[in-house]
Amino acid sequence: MTSSIESIETVEHDVIVVGAGGAGLRAAIEVSAQGLSVGLVCKSLLGKAHTVMAEGGVAAALANVDPEDGWQTHFRDTMNGGKKLNNWRMAQLHAQEAPDRVKELERWGAVFDRTKDGKILQRAFGGHKWKRLCHVGDRTGLEMIRTLQDRGVHQGIKVYMECTITKLLKDGDKIAGALGYYREDGRLILFKTKAVVLASGGVGKIYSITSNSWEYTADGQSLAYEAGAELIDMEFVQFHPTGMVWPPGVRGLLVTEGVRGEGGLLTNNKGERFMFKYLPESTRHEFAADEKEAKEWIDAAIAGQKTTARRPPELSTRDNVARAIYTEVKEGRGSPHGGVFLDISYQDSDRVRKKLPSMYHQFKELADVDITAGPMEVGPTCHYIMGGIKVDADTAQSKVPGLFAAGEVAGGMHGANRLGGNSLSDLVVFGRRAGLGASEYAKGLSAMPKFKDSDVQAAIDELDAPLNRTEGPNPYDLHKKMNEIMSAHVGIFREASEMKTGVEKVRELKKEIAKVRVGGGKKYNPGWHLCRDLKNLIVAAEAVAISALSREESRGAHSRLDFPNLEDEKWGHVNTTLSKDGDNMKLEHKQLPEMPDDLKKLFENK
Amino acid sequence: MSEHKAKEATLKVYRGDGKEGKFETYKVPMEAGMVVLDAIHYIQANYAPELAVRWNCKAAKCGSCSAEVNGHPSLMCKTRMDHFEDGEEIVVQPIKTFPLIKDLVTDVSWNYRVNEKIKPFTPDESDTKEWVIYQEDIERVQEFRKCIECFLCQNVCHVLRDHEKKDGNEQFMGPRFLVRAAGLEMHPKDTADRLEYLKEEGHIGYCNITKCCTEVCPEEIHITDNAIIPLKERVVDEYYDPLGKMIKGIFGGGKKK
Chain A
1 MTSSIESIET VEHDVIVVGA GGAGLRAAIE VSAQGLSVGL VCKSLLGKAH TVMAEGGVAA
61 ALANVDPEDG WQTHFRDTMN GGKKLNNWRM AQLHAQEAPD RVKELERWGA VFDRTKDGKI
121 LQRAFGGHKW KRLCHVGDRT GLEMIRTLQD RGVHQGIKVY MECTITKLLK DGDKIAGALG
181 YYREDGRLIL FKTKAVVLAS GGVGKIYSIT SNSWEYTADG QSLAYEAGAE LIDMEFVQFH
241 PTGMVWPPGV RGLLVTEGVR GEGGLLTNNK GERFMFKYLP ESTRHEFAAD EKEAKEWIDA
301 AIAGQKTTAR RPPELSTRDN VARAIYTEVK EGRGSPHGGV FLDISYQDSD RVRKKLPSMY
361 HQFKELADVD ITAGPMEVGP TCHYIMGGIK VDADTAQSKV PGLFAAGEVA GGMHGANRLG
421 GNSLSDLVVF GRRAGLGASE YAKGLSAMPK FKDSDVQAAI DELDAPLNRT EGPNPYDLHK
481 KMNEIMSAHV GIFREASEMK TGVEKVRELK KEIAKVRVGG GKKYNPGWHL CRDLKNLIVA
541 AEAVAISALS REESRGAHSR LDFPNLEDEK WGHVNTTLSK DGDNMKLEHK QLPEMPDDLK
601 KLFENK
Chain B
1 MSEHKAKEAT LKVYRGDGKE GKFETYKVPM EAGMVVLDAI HYIQANYAPE LAVRWNCKAA
61 KCGSCSAEVN GHPSLMCKTR MDHFEDGEEI VVQPIKTFPL IKDLVTDVSW NYRVNEKIKP
121 FTPDESDTKE WVIYQEDIER VQEFRKCIEC FLCQNVCHVL RDHEKKDGNE QFMGPRFLVR
181 AAGLEMHPKD TADRLEYLKE EGHIGYCNIT KCCTEVCPEE IHITDNAIIP LKERVVDEYY
241 DPLGKMIKGI FGGGKKK
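Protein sequences, first through last, are from chains A and B.
Residue numbers for the first sequence, in this note's numbering: 1 to 606.
Residue numbers for the second sequence, in this note's numbering: 1 to 257.
What the hints contain is simulated information worked out from the structure, not anything from laboratory work.
Some hints could be false.
[To be verified] Dumping the calculated DSBU-like pairs for lysine-lysine here, alpha-carbon to alpha-carbon at most 35 Å:
(1) A:K511 to A:K523
(2) A:K443 to A:K103
(3) A:K480 to B:K78
(4) B:K165 to B:K19
(5) A:K364 to B:K129
(6) A:K158 to B:K189
(7) B:K129 to A:K116
(8) A:K119 to B:K96
(9) B:K165 to B:K129
(10) A:K354 to B:K19
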């Protein structure tokens, strides 16, 4: 079962965008606005990308609710949340430009919740000093993706739906095209292009308990790595503290941080508000000293009033809260199904239903729990990867000329831990910048670059191989095996001997994946699609495992039992950097860019 | 919900394409809280890796996994297995209104083409000041914007399902896109006029308010009462109310209400 290159549908665009979530859509809109031809390629139907699952809000220092807010504070919160491993320039651009991007969404038709005086309403979230998250109940991502989708389709963007890119093609060192296949019938499509923007999201399907959908299979990370780009910070995987833990079919499904933003309380099976004891010394002063002060803050937030009371401890950063919950459960203070309790039921029922409508329905319909009447059970779930393709902050270009990346697939912006709400803003800030960067690059090329037919043929042979084999392992079994390895050996808490075993097992699994076999034809065959996804996932699994093993300290989302402290001297200024070296993954620790003095001043006396 | 239900469920799943197909029977072990999509995934992983199904979020937020379960148009990710009687056969088949690709996957691209025809959000470009919009003025629009585009409303609408008014001069845009149009028409900052389109091309008049769409909406949007009927009223006011039109002409009433 092979195809000849001449018979393949071939299309030409100035820029190809891979992925149609918030970042991809925003990038494509920008390319189109620059007067260039753009093709937007997505694995699912348009409007179904992972952005729809983002719930709590988009962070932008509009200062509509807390007038003290400004980009400097947002920048500082982001860097502190990321344990200063962030690319400072990305964090700066993000904080400065997020307000304009949110206002732009409003001008394009997004209907955000409002303050009493008719401005965009903002809510509190973990790690953000002020109320900063613009939102629409708990379905902010849906609002964003629909707004961008509707804007995009009226702007002449050509959309290739249910189409998977399997290979980036080059002319020398430059991007020249991409090969993809349609899920519907497996027919191939060749893109000739000057530039590619990867906006394909994360890697969450390497773990078993995850809030991520089937799409999160590290496609962009793997395509870029194969094409010669560098990956950074892959050890930093965010485990969201609050996923559903029961029933089994929904284990890992996200429970928005908005619950805590609206005053949700975390307790263990003894009824203790345990987060008070897990606050790190460095930020303890920003949080309420006791339950009384926390209650004053919540009461004021509900009434829309100012208060001098400080935030409740539940609003600590995600890495802290996830570790706290994990520890409570491990030490025997968990809920019946292995989580802890998250309770918002003490508030007025109508308010809860209005502020958190999809959480209300999610628990009611899937777990028989009425969140207005009793607590939810929650525990950590794999949610996001801070690491990704190394890019230039201003243009979003990777090391490979013509290859750009934005959103979760790019690394650097969030450092060692991402703050909630900073992802949706990242998508639109750097989606736009990547679109602009790719457009300028494409305009600078005098002719369309040319790829080699032999590269196309090799990519086709690789894609067809699982269907042509007469024997070999089942892709679903291999995927399950990968999930088990990563969860057991490179989970929330890590330790050298465990991770060494993990790395060995991942490398063994890689050999098995090379032999995977599936039956059936090419017509909408999810088993065959999974064979392709596994090739990407294994790159991410190895990257996460070896990066985690190499960083001998605990920082943000990377928690080492054998190296429990933050080691600024040795590790505070380097990114773990991976690149392809023949069949091996080369690992280096490279210096972070140095923050200029005017920005350093923002961290003094704080 | 019992936690120790070591039972088996029997699923009959449609297998085939637009040309030929049949129902295949599968036995799936029940787990507490299981939904139909879990059962389909079990079948994929254990019996039929090539079984075609669309899904993404598994949380009723993306609207990808629409199917007809025991004849009822549903999202498979929120249809609980323990809602069926013990021993009841669970029949899963693709939504009927759109052409079948394979197994449970249909070609819904028609919907995207209809969407492109609706005039987009059009604010007054000269209004450059920060917008002041009050919550009470957007409650209704926010209800419409909850739509997750599962197309179940399009699937049950008899104008599309039985009368197949999908092509040519008689195309009916369907409940989903009447909801989208209503969200734009009722947005306080929109200035475009879509009434002629709704009447002449979207054929809003074909809807005879049987409310089938409202009944299946997983987001509980009051499609008929809150979106379609008010739009029908606007169309009627515009085209069939000479007195109202005359008054508007004299007093300079805006085209948008």
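Violations among the numbered hints, reported as their numbers in ascending order:
5, 8, 9 and 10
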